[in-house]
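Peer 1: Position chains Z and P relative to chain S; hints supplied.
Chains as they are written, first to last, in the numbering used here: chain S, 42 to 531; chain Z, 42 to 531; chain P, 42 to 531.
One or more of the hints may lead you astray.
No distinction is drawn between identical chains; accordingly, a pair holds when it is met within one copy or between any pair of copies.
[Said to hold, decoys possible] Quick list of in silico lysine-lysine cross-link-like pairs, PhoX-like style, CA-CA up to 20 Å: (1) Lys235 x Lys210; (2) Lys443 x Lys348; (3) Lys385 x Lys348; (4) Lys259 x Lys235; (5) Lys377 x Lys446; (6) Lys443 x Lys377; (7) Lys477 x Lys448; (8) Lys446 x Lys369; (9) Lys443 x Lys369.
Derived by calculation from the structure, the hints in this document are not laboratory data.
As a plain string of letters, each chain reads:
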Amino acid sequence: MNRSVITIDDLTNDEIDRLFNLADRYVSDLGEHPHSHRLLGKLDVAKGKIASTLFFEPSTRTKFSFEAAMFRLGGDILQTVDPRTNSSSKGESLADMVRVVQSYADLVILRHPREGAARVAAEYVDVPVINAGDGSHEHPTQTLCDLYTLRRERKSLTGLNVLLCGDLKNGRTVHSLVYALARFGARIVTAPAKGLELPPHVSDRLQSEYHCVALTSKDIALPDDVDMVFVPLRDEKIRGLPDNVDVLYVTPNQPHKLALIPDFNLSVHFDTVTTAVKEIDVIYGTRLQTERLAGNSGTGDYPVIDKAFLDKRGYTNAQVLHPLPRVKELGYDLDKDPRGAYFKQTAYGVPVRMALLAALLQIEPVLETRGSETHYFRNYSCDDGLMCSNERCISRDENEGKHLKPKFWIVNPAQQSFLPEMPLTVRCMYCEYDYKPSAIGRKSSRQYNVETSLWDQIESEDLVVFCDFAQAQHQGYNLVDPSVLTSARG
Amino acid sequence: MNRSVITIDDLTNDEIDRLFNLADRYVSDLGEHPHSHRLLGKLDVAKGKIASTLFFEPSTRTKFSFEAAMFRLGGDILQTVDPRTNSSSKGESLADMVRVVQSYADLVILRHPREGAARVAAEYVDVPVINAGDGSHEHPTQTLCDLYTLRRERKSLTGLNVLLCGDLKNGRTVHSLVYALARFGARIVTAPAKGLELPPHVSDRLQSEYHCVALTSKDIALPDDVDMVFVPLRDEKIRGLPDNVDVLYVTPNQPHKLALIPDFNLSVHFDTVTTAVKEIDVIYGTRLQTERLAGNSGTGDYPVIDKAFLDKRGYTNAQVLHPLPRVKELGYDLDKDPRGAYFKQTAYGVPVRMALLAALLQIEPVLETRGSETHYFRNYSCDDGLMCSNERCISRDENEGKHLKPKFWIVNPAQQSFLPEMPLTVRCMYCEYDYKPSAIGRKSSRQYNVETSLWDQIESEDLVVFCDFAQAQHQGYNLVDPSVLTSARG
Amino acid sequence: MNRSVITIDDLTNDEIDRLFNLADRYVSDLGEHPHSHRLLGKLDVAKGKIASTLFFEPSTRTKFSFEAAMFRLGGDILQTVDPRTNSSSKGESLADMVRVVQSYADLVILRHPREGAARVAAEYVDVPVINAGDGSHEHPTQTLCDLYTLRRERKSLTGLNVLLCGDLKNGRTVHSLVYALARFGARIVTAPAKGLELPPHVSDRLQSEYHCVALTSKDIALPDDVDMVFVPLRDEKIRGLPDNVDVLYVTPNQPHKLALIPDFNLSVHFDTVTTAVKEIDVIYGTRLQTERLAGNSGTGDYPVIDKAFLDKRGYTNAQVLHPLPRVKELGYDLDKDPRGAYFKQTAYGVPVRMALLAALLQIEPVLETRGSETHYFRNYSCDDGLMCSNERCISRDENEGKHLKPKFWIVNPAQQSFLPEMPLTVRCMYCEYDYKPSAIGRKSSRQYNVETSLWDQIESEDLVVFCDFAQAQHQGYNLVDPSVLTSARG
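For reference, chain S alone in the conformation it holds in the complex (with noise of 0.2 Å):
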């Protein structure tokens, strides 16, 4: 049984800290150059091995770090050589790409325009798959190099303070950082470009999934610039509290938020915030994404992280991380001050990956046999053509249409019987673009509502969604009252 890396969510909290004792092995094992960071010389515990780098998008960073990993193993590379000609010019689906792949490399490195798309590869093929970045949706190694090098840098993620800059709306990959840091207990400072906030689906998630509590300037005095802070519940500062707590509100100004369990009323430390928004230990930039910026008033607003930026915040220990290219967004005054940590950041993705390679080609016991479980969301795999409404799913794109079936989570809270009740709320399963459904209805009596919240009264294997109730009435269902759909059976 293969593992593959698909998301940051594929690795444990466990698993990351073992591939980080790894990386840093490396590290020691191979040496590093002073100043350039790169690795030297190479092992030969991949011998044999070849990894394929099939990358249907350019790019050379993320591919030479991937292979300079791959022969500091002592492995072979197989890589794609014109991203536009590989794909489905001669209309062959990914599925069977990768699967024919498989008959050559022993391990699938695969970038795709195609949002969920190395999930289908990972679906189809026996040896283990890495998401080098699927559109806008994931690129888990570089949040996992992200991760590293702070740990690295900072010796502990637990209780660091983090600063996000810049477009914070539009990379998926940002997205995946703030869950990540949230998972490894770091306090999350927003500082985002006007217009370019997180959105609303991600601090909800951060809250929900990863256990964070979310501080605006409603609730405390934050700096102009700073648009929330994000507490996550296992903060040191807090760690006497029970394990099952899932949210808390703070003190300063009223309670702004209705505690899950709200027989318990906590506290944040108001200092534990300020402090965090004050004394930040990294600084994380994100580039600017020039075509994005049509709705904004030109560049001006962006966030430019540099020596002036620093001194002027008084941020004198904070490291500047950035996942590069950079365009305008961080100051070339930084690349020779020792918190510019950014091409260290790059220079860390080689152990990084070495030690991601070594543990799905199964050369060194970091992994455990299955990946990590999402134990209390619901399978939802639809027959009756609902698809995932993302337009850059790889689901929706006309080759894959041939064989590939339309599968959702269902993200609605298990035990939420002390909750009011929520509207539906699917997950595409490979590019995990969430919506909420307009009409539920049951195979068996043929009858529909639009009262979605009532999903969970119905059994798992009658549940039947439609986008709208259109399309229910056009399979033939029929409006029902919300008490008839759930009382039983047709």
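Peer 2: Leaving out everything else, chains Z and P in the frame of chain S:
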């Protein structure tokens, strides 16, 4: 003296057998993954050898297959990275390019859009050349792969009943496969899409050069979609025949074609043929080439191989092969069916290509010092400007025209005293395109006539061949009577 | 401290000699194929070293040559796969890109369309950089290859008579070769196509910096198509001269140019020159660059080197070199002629590049710790916005402009007390483009004048250089008399 493999006919049956034995040995030495059938680990027999994948057209699967084979042997790869710009963009001839590349690489694997390109490359270099596809001419390692899959799955090729489906007209790789199957004694049943039947020159060549008897529904009852059946004379069922038998005809209906040896009447066992059509061992599907369907009534007529097709026809034990990629002509429901052997076929490309590389690099003593020779053809090299009429031929390329002299085989059978006089047929030595010139002449007397069947009454060194009589006139030749032309030199 | 090779002048003659000795050793250690001259097998001296072929322009032969060299040394290669998309498509600067790549690779081999790009790369990284072609600026390993072929075939470069044919105007690689030949004491005979003569700045530099005497048909009888002859002062025939002689003139006609040391009259032996023109050892052809022939009367005038040419001119023993690819200027009939050395020249690229890679990776002690220094030039770095006037210069690129500061050499000779005052000439440190500014000034007094020959009467740190007087005015400088400008600081 280095050997090259430009067409499957460059290898004798014995050499192919030894290649397959070597491939078997590699599979058992390295081991294979139980599901993906990819080989594991690597040897070091090709250490220090460099192969170049010189691809002037995009390819992922063929390129990966060769490169994986080279890596598993322990060698290195020089690869072209931009198929569109390496070629003649600076006005460089292929002959120059490959002579440069042989300074760097010990073996050249060439894919080129021009038919005959690989033959030209092989003429100019001292290193072995493998044709990895030259336009729609040849792709011999695909054929080797197909044959190896059949041998490995079915033990022997002799007497196998092979059903060929789909587009049998346009793909020359299908034609190569057909000839190779005949060479190894398989029976061939054709079920083409409407309008995409095997061209007459292929079925003729199957009979005249590969010693098959061709049966149609005029000869024997055949299923609706079956067009022809070819039974090789070396078929086990008729092994008792003398070695010199060249053709035979069938008893159930009346004799449908002249036997080449009129005083020797043979019979194909009627039940051999009817059984061949029913008890299909292998179904070989070909890709639906959408761009060539213009003249057809859509794709509706194109045979689709899926479970329903196999069940309907009672092909319980048939294995399904397909060169991939597929479009719509091969059902996804066969992917996990034990009869679907096309992914295995892809995987077998690695040991087969390892064996070929090892043989050509003289790592293993598989090949004879000299290749197979075509003894009964006469060589014709043309000084007077007759050029190949195939516009896709490498000899018609502007850059190659500077140095390349058109060369032809005369393909009329040598011992034809008992045959009616056949019009002269020549075959381009590069692209193997056959055509019938309209005039012949004598250099010494500057005379010509349009009666081309008299070609063999003129001495080799005195023979001139013209596309048409205008060309002869233009070059200053005079029209004379046939008897004058053949009587004596000028 | 790492060394880089951006121009051939980054290597001293001694270093080049040691490189060639090492290349000889590699040839004899590995052995070479008798016909293709490719090396056989591999060493393992570069095991664990990774070189990156970072090619922003398409190339097959140069890339293959480097990669074959790296493989034969036992190292690995990271290669770019899509020259058009790796570059600044995301607005990334080259400086950033190479700093990222040095995290992965131990050495960078760069090809880039911008002139001076490789120099910029070398300034930003800690790993060695090899210039594999930067626009039409330099391609030093081609020059090394040419020199090595001459040395290997002719034992010594000193006193060789080299005929250069074709386009001597546009190819800067030809200019590099010319300088290098002069450095090693070869005599240079030019036979350019009409209108494509060696530019005056090159023949000037050959005299002023490389100590050649230049002869034309005004000085000595020359064949019709021969334009100039350059005889290096270190020519063996005139070795008896004192070391400090800088120029000389010729006896047969009257002295045609001022000797730089007026009280020291020298003679080039008349027969040395006439023999040089007759007894050509090496003919170096250059590619017909069709795109640059617009102004010419077609290709009719372009000299074609073939057997007829050699025979007509009596070049019985001359060897023919050509950097390839050829178009029409090099006959196919020399391919199998022993005088045609161009394929050998290509093959020698591998041992030469192996030697260079091994030297730069410090596998072999070939290079001095510090490179060759240009002692008599003065450095001029411009704060006031004077930019390089070569639009193809890397410093003019939009992305690089963000961080790159224009820098120049002042190239007027240092000891010029006995010379008339020369107008100021500056050379861009990146692209080495020379030009003559129109005004100079003093920062301290904010004064300027157009008499640029006075530049050396202003202290280095106070000197300002302007493209033209408008720029000076625009920046607030006041026009003053020359004597005021030079008299004292403000």
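Peer 1: Which hints, by number, does the structure contradict?
Peer 2: none
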